[in-house]
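Asks: Spelled out from the first residue to the last, the chains are:
2 protein chains.
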Amino acid sequence: MLQDKNTSKTDLSQLGEFGLIETLTKDIQIKNPSTLKGVGDDAAVLNFKSKNTLVSTDLLVEGIHFDLAYFPLKHLGYKSAIVNFSDIYAMNGTASQLLVGLAVSNRFPLEAIAEIYEGIKLACRLYDVDLVGGDTTSSRSGLILNPTVLGHVAQGKEVYRNGAQPNDLIVVTGDLGAAYMGLLVLQRENEVFKVNPQHQPDLSPYSYVVERQLKPEARKDVPVILEELKVQPTAMIDISDGLSSEVLHITKQSGVGAHIYAEKIPIDPQTVLTAEEFNISELTAALNGGEDYELLFTISQKDYEKIRYRKEFAVIGHITEEPGAYLITQDNQKVALKAQGWNALKNKS
Amino acid sequence: MLQDKNTSKTDLSQLGEFGLIETLTKDIQIKNPSTLKGVGDDAAVLNFKSKNTLVSTDLLVEGIHFDLAYFPLKHLGYKSAIVNFSDIYAMNGTASQLLVGLAVSNRFPLEAIAEIYEGIKLACRLYDVDLVGGDTTSSRSGLILNPTVLGHVAQGKEVYRNGAQPNDLIVVTGDLGAAYMGLLVLQRENEVFKVNPQHQPDLSPYSYVVERQLKPEARKDVPVILEELKVQPTAMIDISDGLSSEVLHITKQSGVGAHIYAEKIPIDPQTVLTAEEFNISELTAALNGGEDYELLFTISQKDYEKIRYRKEFAVIGHITEEPGAYLITQDNQKVALKAQGWNALKNKS
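Residue numbers (this note's numbering), protein chains in the order written: chain A, 1 to 349; chain B, 1001 to 1349.
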């Protein structure tokens, strides 16, 4: 994974706002032809020609979405970009520009902010996104990251949440529940560390689930594959709050129902083992854990042959005409899905 | 000014994230043809046709940019939108879409968040901007608002900070320094209130300066007037950190210098009176106070006749070939401008 190497400390108040911006943005290179002007003016200037513009924003708040006790700053920057890119892929689009709103305690030295930015810039490089603007300011207490992502999609190729039709197949990418198990592992190690700071955790049995939590990736490949396969999904959403919550968004907005088959939900063996260790069901992790940043989409049955042999995709159920979203268990019980997904508004403080 | 009327209290944790979004966004109406899809999916979908897209983001952080002791929530929402719109007008563009990142303490009831949104929605209505997305989450402590604005400008009509040429005239809109004096008045009344909560402040002698602080407006009219007058500025910036800071941005980025004449700087009589009362120079307020959200631009001398009788504009100086930005005082002293503008990274907590 990524490493935080820097140990020197430069006081932000010495540097000033403009000095900080210059330090953080001086090595930015613009790669996308749609970016006409990046950082350095009142606004960035872009041109998407005839394509549709996509724009989305997602907040990450210290103490709510992450804990700096176990979340390295560079990873945090990386993840804040990834979760935003994911929203563009969920529209079947290409992410191309990022702006970053960043509020930090003035107890943070320059080097800490630079680490966050290193993570953001790494994500931008790997996903071909231009960092074109933002705003950095101090905050009275916690760290808040609020990136905004822009992207584009050919007109008519955008995929909304509301287009699912009865008998459509429900497809997910990758595997689910790992990021949540990674979170539980990190929280447990952090509790042990508090009691015994000499403790050296061995995270190697949990490498996959921990990486899914600390360094998630977004499915940039999926819109490209769908284009190659000539598959236009009828509805799509990214899995940020857990499978249950996302299936309910699609069924509610499309005015349909869904059956999901428990045995079809893709779950990594390490997620299963870790869930056993924590004495929870791996299905709970997949349905309600969230932060997978995989994509959930629906396709017409006629497209089944096009996708069935693609390892990226798993068909997990189908859309029904009658409303209501249900999990069909292995012993054929029908359980209503609930949006128990992670709710950032609940009283956690 | 705006009024906060609501006194009932609904707990956010009862409502949940999706309930909150529904409550806040149900009455939103889309007005701009460039908005194809607003709130309710993974991303908003826009189309600016052949025009250039403009995008900018500005953070407002409690305890740094505002104090809720004297800043009503509805005004705060309004201002958070206005300061973002201002960045689009500073590019000579039209603001058309807004997304809002909002982190609030979960001690805030729904009604408090609804007040903030009322202010945002009012600003959107008055400025013909569509509210198309955002993210709302709880925060461990303070209130943070991070709107992102999008807009558009005909290709080639955008105005950067770096185009000022020697002998160009330097022009400002409106008047300067009032918002800063309004801030000082509000801070003083707040100190009095802390000592004596029965004290009923009479703000009527300060109505203009207080309104400039609590309910600033952005110069939506200026790009329209410039178009009518067939004036294409050579450089433009909005005045958020004070005149000095903005003149220095333009001269630095354009590789030129500037002379500003103290007697030409437009300052409202109430700003002058209030500054006298606080025993500071009104010039200091205009040069370093900030938050005016007026526009500063440079034009070729040949365009002088086109603008000279427009009451919206004041010519305050000219661009020089030799570097260095100077204030020329009434007794003909030459004083170097410094960016003493308001610095959100200084140690204020």
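Some clues are possibly wrong.
Taking lysine-lysine and the DSS-like style, the derived pairs with C-alpha atoms no more than 27 Å apart in a straight line are [as the list claims (entries may be wrong)]: (1) B:K1051 <-> B:K1230; (2) A:K157 <-> B:K1037; (3) B:K1049 <-> A:K157; (4) A:K37 <-> B:K1215; (5) B:K1157 <-> A:K37; (6) B:K1194 <-> B:K1215; (7) B:K1026 <-> A:K338; (8) A:K49 <-> B:K1220; (9) B:K1037 <-> A:K252; (10) B:K1031 <-> A:K252; (11) B:K1252 <-> A:K26; (12) B:K1157 <-> B:K1220; (13) A:K49 <-> B:K1334; (14) A:K31 <-> B:K1252; (15) A:K252 <-> A:K215; (16) B:K1031 <-> A:K51; (17) B:K1049 <-> A:K51; (18) A:K31 <-> B:K1194; (19) A:K49 <-> B:K1031; (20) A:K252 <-> B:K1026; (21) A:K49 <-> B:K1049; (22) B:K1306 <-> B:K1230; (23) B:K1051 <-> A:K49; (24) A:K51 <-> A:K230; (25) B:K1338 <-> A:K31.
Simulated from the structure, these hints should not be mistaken for laboratory data.
Asks: State the violated hints by number, sorted upward, taking the hints as numbered earlier in the document.
Replies: 4, 13, 15, 18, 25
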